[in-house]
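A.B. asks: Single-letter residue listing:
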Amino acid sequence: MISTLLSWNLSRDIENRNALLTKTINRQIEEFFSTPNLIMSQLKGLLELIDDIEDHAIIDGELKASLGNVDFFDQVLILDKEGVVIHLYPFNDDIIGNDFSRQPLFQDTTEKDIHWSPVFISSITGKPTVSISLSFSQGIIVGQIDLAYLFKLISEIEIEKKGFAIITDQRGTVIVHPDNSLSEQRVNISNRKEVEDGRKGIYGRIITRWDERKYICSSSPISRFNWMLFIYQDYLEVYSLNRSIGLTMTLTILVALIVCLILTRIISSRILNPLLLLDHATRDITRGYYDTFEWETSYSELDRLAENFRKMMLAIGSREREIDGLKSHLANIIDSMPSLMIGVDNEFHVSLWNGAMVKLTHMTNDQAIGQNVFDAFPSLFSQKDNIEKCINHGLSIELNKVRNIFDKKEKYYDITIYPLIYNENRGAGIRIDDVTSMVNTEIMMQQSEKLNSLGKLSAGISHDLNNMLTPILGYGELLKDHLDKDETGQLYSEQILESAERARNLVRQLLVFSKKQNLEYKTLDINYVLLEFQKLLVHSIPENIKISFQLQEGLRGVNADRGQLEQVIMNLAINARDAMTNGGELNISTGQIYLNDPIEPVWEWNGAGYFVFLTISDTGQGMEPDVMNRIFEPFFSTKGNRGSGLGLSMVYGIIEQHKGYITVNSQDGRGTKFSIYLPASDNSKEDKIEKTSSSKSQGRGGKLLLVEDDESVRTMTESYLVKLGYQVLSGTNGEEGLNLFSENRSAIKMIITDVIMPKMNGKEMVIKAREFRPDIPVLYISGYSDNLINYKDSLEPHSAFLEKPFKLDKLHEIIRQLIF
Amino acid sequence: MKKNLPFVLIFLVIIFSCREKEPLKIGFLGTLTGSFSDIGIASRNAVTLAFEEVNQSGGIGGRPLELVVKDDMGDKDIAAAMVEELLKGGINIILGPTTSSIALSIIPFFSEEDLLFISSTVSTTELDNIDDNHLKFTTVSSRSQKLTNLLIDIEGINQVVFLNDLSNDSFARGYVKTFTPFFEKRGGTVLPTIDYEIDHDTSYYEIALEIYKLKPQGVIFLGDNRNSGLVCQQLAKLGYKGFLSSNAMTNDLILHGGSSVEGLMMISTYDPNNKAKEFLDLQANYRSRFGQDMNFAVKRNYEAARGLIDILRDNPGKTDSEYLKSAFLEKNQFFGVQGDLEMNEYGDVERPMYMFIINNGAIETLEETI
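For the record, the sequence lines run as chains A and B.
Letter 115 of the first sequence, counting from 1, is numbered 115 in our numbering, and no numbers are missing.
Letter 28 of the second sequence, counting from 1, is numbered 1028 in our numbering, and no numbers are missing.
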């Protein structure tokens, strides 16, 4: 500001000074040329008075008188009207008579005005010259003026130390310059801006250069000659004061700036640096570094801010770590879930792909993410409509037990498609669970319950049927004996007995299925049983079926009823035979296994232990799953009229009653395999089977107490016993029986009693009776299976049990065993 | 500081890019004062004009041309001193000199290794067809033939006298020496040359009288045009009616000779009435720049300067005189305002010749060819 003001003042000063200088020079030039002007005018006046211009004597005299004391004319010429020199001062004979008509000074001089010529090189002196010419009546007077005076004038002007002035003619040719050679060499400087402007009539002040030096040039016209005056002032000189002030000010500003910088540095180290630290810390937070904050003690306010900031950093860090941990945990959960989990966006691009998917498709997470889900997992295409529905309408869709999603019919899947919204984008989550085992378990459970219900039903029916069949069989046999000699009567009674026998077998099979039959457990070697049974088996199987045995040696024993076990083997073998109508292979194998857990979830598990297993497999037609689910149901048969539908039901019942398990594997067209697992016994094996005599014989006689609430059974039994030679005391319930026992306490050899009876049951009655005769033999007879096992398992000494309906010879045999 | 570095660099780049490139300095040596200064000044002006034109269009490869002018004042010693001065200033290309006399006086410089002279008005035959570091944009070799034809065939003159300005003695002597055999071969007689020297005491009358006494059929001026004009004035006053001719063709002859030079005939490579566009442009530009009419010296020097400019443009960065001379000789075809010029193997330019006569204070071109 100050500098500008100074500059402005200085400029004004220069202009004023230049104006004064120009005025002075102009005045001096004017003065310089005013004298020749005057003299020439006087001369003109004189010449006008002279009649004969060629009169040398008069003219020369006049010229000498007028010009004798004047030193600035180089030459004064008088030309006639043709331009020929007629007089010359100082006189030079050579010039007299010369023709000046071609010279501009002659051509440009008019009659009225005084003419000043441009500068030219004088033909007389050979130097830059200017001429003043006036016309008079007989010719022209020309005065040639040496410009040396002007040179002197200009040279003497002091313009600072390095300044100078120049005069040029209107063409820009130098007339006067401190370096005289420029004028002598007629240097034209019209290419200089200031001269070019001057020629156009533009004068003023410009900055220019002359010989590498910078000048302020002020121009002005010298109007008399159309000349131009240029004053050059050395720029540095002119502005030296200004520059020194400017320099001082610049230095001052620089010093101030440096001081400011130092102060700023000091302040910034206390304020800015801490803020920068905070800035760095903020960036660190952005990059996820939370433990990098370092603080230098600053102002207390900033220290507090920093402390809070540090706490905030640690809190954010800890929170982020928690979130990361949670994220990772969630990711692990999702990854480790057995469910197949897929996330898709609204364009079906995969956004989530869990570990189960990677395992299934062998496609890594990175490969799957972003791919079209149906390209990545084509099996899902069947669900495209559901996924679309879920994304577009936000509906959750659950599909249960879908069977054919991966083209594996034996597998069941639950598919759940649920809407996902993340970052305002719609998508869907798809979860696929393999529920095959659950479905199978469900089916087995249903089957198991069904079998249990059927078992109960069978047990109930069996009891009543047994009570009905017992007299039929008993009286049938009595009738047969009675009609000893009547052949027709024999035949009829045999038909009755045969039908009753079939009915009894049927009831027995039902009881086997309902696990209510009476079993005789012995510790058996299953391999031995199989080898013994082998002969019978071979007879039952046609030759086009190859039988092979793989029996593992050293098996543990099993607690089993041998007959029942043989029944199981036979039933399974016969089924296998029927499945291989065109021949095949029947494989029977045994083995031993320690089971920690049940092989099938539906097993009523009794705890871990050793099991002996028996496997019977065929290469037959196999079974459809629907058939396989029903094979253990009573009366379910695929053999039409040929089968009773009770074979596998019995197998099932027998194995259940042995606390064993049975599994079946079958595929349509690939055969069937039954595996039976029986708990291994700790006892040593008993291989031999007791043979019992079934021969008929007479009774030994004596009193027997018979207590039976069913009249037909009681009557039939009493009749048979009487027939055998016993005296029979009959009672219809426990009380009555006990009374009869009290009355004949010592005579009664044995008590034969039903178990379930009104008023007092058989068991209670026996307990009371044995208070008097603890060793009295007792035979329980019952067709009500629920109690059979209980009795059988806990029979006191001298006691036996006979299941209704019974054969009479069996009854007789037991009585004999007990009494004797 | 690091943050400020780019700004500092930008600042420095601006500063340096603002700095003007170093000018390419070319010397000029000419007679700018005294006799023959009309030719010298015209030569300098012409070169100045050519340089100003090229500078306005960006210079040579961005470098402006600077003409360093030296006035030899027609003095041999001064001329040699000026050449030395130019050499000291690191200048090795010199346009000039402008007179044959000076050219012959500085011959030793023509064989300097790193120095190249390009002259346009040096017309002494003594320097014709010499392989040196002096390229001439003019030659007089064919002029003697043409002048003989003019004198004998057209004007019927067989006796002439030469007027020799001693300040350019070399040129005149060379001229006469070359001309004489041609003229004499055709039966002409060359009278002994009249020498004169211009100083304060010079009497043009006496010079004219000396000529007059010889009664030559023709007077041929070989000197400065101002002096020639003034001698013509005296001859006219003496009543000489013979044939006049001058070697140089400038307006000074008419200015100072007045009516006495009416009918004077000249042979020149310069046709002031040429209508070629390039010539008219040069004429207009010269007048605009210097407020004067151009002459032959302007034309030749302008063409020589243009030739140099073309060579410098074609060979950027080259200032080695030997190299540039080779480039000149190799190029051999140069721009001329009145038609292209051809340079021979010695660096001399051949030009067509024209015939002129002064009529009513103006130079007229004669249609006749010689």
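What the hints contain is simulated information worked out from the structure, not anything from laboratory work.
Here a beta-carbon is modelled for each residue, glycine too, at the ideal position from N, C-alpha and C.
Among these hints, one or two may not hold up.
Unchecked claim - Just a few of them, taken from the derived set where beta-carbon distance is under 10 angstroms, the chain B residues facing chain A:
id, residue
1, Arg1044
2, Val1054
3, Asp1071
4, Gly1090
5, Ile1157
6, Lys1177
7, Pro1181
8, Gln1233
9, Gln1234
10, Ser1260
11, Leu1280
12, Asp1281
13, Ala1284
14, Ser1288
15, Gln1292
Stated by the list, open to error - Taking lysine-lysine pairs in the DSBU-like style, the calculated list, with each CA pair at most 35 angstroms apart, reads:
id, chain 1, residue 1, chain 2, residue 2
16, B, Lys1025, A, Lys161
17, B, Lys1318, A, Lys200
18, A, Lys127, B, Lys1076
19, B, Lys1241, A, Lys193
20, B, Lys1215, A, Lys200
21, A, Lys162, B, Lys1213
22, B, Lys1215, A, Lys81
23, A, Lys127, B, Lys1088
24, A, Lys193, B, Lys1213
25, B, Lys1076, B, Lys1088
26, B, Lys1241, A, Lys162
27, A, Lys127, B, Lys1241
28, B, Lys1241, B, Lys1177
29, A, Lys81, B, Lys1076
30, A, Lys723, A, Lys659
31, B, Lys1213, A, Lys214
32, B, Lys1177, A, Lys193
33, A, Lys81, B, Lys1318
34, A, Lys193, B, Lys1215
35, B, Lys1088, A, Lys161
36, A, Lys214, B, Lys1025
37, B, Lys1076, A, Lys152
38, A, Lys152, B, Lys1318
A.B. asks: Hints first: check each against the structure and report whether it holds.
C.D. replies: A quick look at each hint next to the structure:
For Arg1044 (chain B), the suggested interface contact is upheld, since its CB lies about 8 angstroms from the closest CB of chain A, less than 10 angstroms. The restraint placing Val1054 (chain B) at the interface with chain A is violated, with a minimum CB-CB distance near 13 angstroms, outside the 10 angstroms limit. Checking Asp1071 (chain B) against chain A by beta carbon gives a least distance of about 6 angstroms; that is within 10 angstroms, so the hint holds. Checking Gly1090 (chain B) against chain A by beta carbon gives a least distance of about 15 angstroms; that is not within 10 angstroms, so the hint is violated.
Hint on Ile1157 (chain B) is violated. Least Cβ distance to chain A is approximately 24 angstroms, over the 10 angstroms limit. Below 10 angstroms, beta-carbon pairs count as interface contacts, and Lys1177 (chain B) has none with chain A, the closest being about 29 angstroms; its hint is therefore violated. With 10 angstroms as the threshold, the beta carbon of Pro1181 (chain B) stays out of range of chain A, its nearest partner Cβ sitting at about 36 angstroms, so the hint is violated. A distance limit of 10 angstroms between C-beta atoms decides the matter here; for Gln1233 (chain B) the minimum to chain A is near 4 angstroms, and the interface restraint holds.
With its C-beta approaching chain A no nearer than about 6 angstroms, Gln1234 (chain B) sits inside the 10 angstroms limit, and its interface hint holds. With its C-beta approaching chain A no nearer than about 6 angstroms, Ser1260 (chain B) sits inside the 10 angstroms limit, and its interface hint holds. Given hint, Leu1280 (chain B) at the interface with chain A, is violated; its Cβ is 20 angstroms from that chain's nearest Cβ, farther than 10 angstroms. Contact between Asp1281 (chain B) and chain A, as hinted, is not supported at the beta carbon level, the nearest pair being about 17 angstroms apart and thus beyond 10 angstroms.
Annotation: Ala1284 (chain B) was flagged as interfacial toward chain A, and the flag is violated, the nearest CB pair being 14 angstroms apart, outside 10 angstroms. At its closest, the beta carbon of Ser1288 (chain B) sits 9 angstroms from a beta carbon of chain A; the interface hint therefore holds under the 10 angstroms criterion. Interface restraint check for Gln1292 (chain B): the shortest CB-CB distance to chain A comes to about 7 angstroms, inside 10 angstroms, so the restraint holds. Among the hinted pairs, Lys1025 (chain B) with Lys161 (chain A) is consistent with the structure: their alpha-carbon atoms are about 29 angstroms apart, no more than 35 angstroms.
Only pairs whose Cα atoms come within 35 angstroms are accepted, and Lys1318 (chain B) paired with Lys200 (chain A) is rejected, the gap being roughly 40 angstroms. Of the pairs offered as hints, the one joining Lys127 (chain A) and Lys1076 (chain B) holds, with about 21 angstroms between alpha carbons and a cut-off of 35 angstroms not exceeded. Our distance criterion of 35 angstroms between C-alpha atoms is broken by Lys1241 (chain B) and Lys193 (chain A), whose separation comes to about 50 angstroms. Between Lys1215 (chain B) and Lys200 (chain A) the CA atoms are separated by roughly 53 angstroms; this puts the pair beyond 35 angstroms, and the hint is violated.
Restraint check for Lys162 (chain A) and Lys1213 (chain B): not satisfied, since their Cα atoms lie roughly 58 angstroms apart, outside the 35 angstroms limit. This hinted pair checks out: Lys1215 (chain B) and Lys81 (chain A) have alpha carbons roughly 31 angstroms apart, not beyond 35 angstroms. Distance hint between Lys127 (chain A) and Lys1088 (chain B) is fulfilled; the C-alpha atoms sit about 31 angstroms from each other, no more than 35 angstroms. For the proposed pair Lys193 (chain A) and Lys1213 (chain B), the alpha carbon gap of about 55 angstroms is over 35 angstroms, so the pair is violated.
Restraint check for Lys1076 (chain B) and Lys1088 (chain B): the C-alpha separation of about 18 angstroms stays at or below 35 angstroms, so the hint holds. Between Lys1241 (chain B) and Lys162 (chain A) the alpha-carbon distance is near 57 angstroms, which puts this suggested pair outside the 35 angstroms criterion. Note on Lys127 (chain A) and Lys1241 (chain B): the hinted pairing holds, with a Cα-Cα distance of about 31 angstroms set against a maximum of 35 angstroms. Taken as a hint, the Lys1241 (chain B) and Lys1177 (chain B) pair is honoured in the structure, with Cα atoms around 26 angstroms apart against an allowance of 35 angstroms.
Using a Cα cut-off of 35 angstroms, the hinted pair Lys81 (chain A) and Lys1076 (chain B) is violated, with the two alpha carbons roughly 43 angstroms apart. For the suggested pair Lys723 (chain A) and Lys659 (chain A), the alpha carbons sit about 43 angstroms apart, so the restraint of at most 35 angstroms is broken. For the suggested pair Lys1213 (chain B) and Lys214 (chain A), the alpha carbons sit about 60 angstroms apart, so the restraint of at most 35 angstroms is broken. In summary, the hint linking Lys1177 (chain B) to Lys193 (chain A) is not supported, as the alpha carbons are separated by about 49 angstroms, beyond the 35 angstroms threshold.
A distance of roughly 60 angstroms separates the Cα atoms of Lys81 (chain A) and Lys1318 (chain B); the hinted pair therefore is violated under the 35 angstroms criterion. With a C-alpha separation of about 55 angstroms, the suggested pairing of Lys193 (chain A) with Lys1215 (chain B) is violated against the 35 angstroms cut-off. Proposed proximity of Lys1088 (chain B) and Lys161 (chain A) is supported: the alpha carbons are some 28 angstroms apart, at most 35 angstroms. For the suggested pair Lys214 (chain A) and Lys1025 (chain B), the alpha carbons sit about 20 angstroms apart, so the restraint of at most 35 angstroms is met.
For the hint linking Lys1076 (chain B) to Lys152 (chain A), the alpha-carbon distance of about 30 angstroms falls within 35 angstroms, and the restraint holds. Using a Cα cut-off of 35 angstroms, the hinted pair Lys152 (chain A) and Lys1318 (chain B) is violated, with the two alpha carbons roughly 45 angstroms apart.
Comparing the model with each numbered hint stated earlier shows that hints 2, 4, 5, 6, 7, 11, 12, 13, 17, 19, 20, 21, 24, 26, 29, 30, 31, 32, 33, 34, 38 do not hold.
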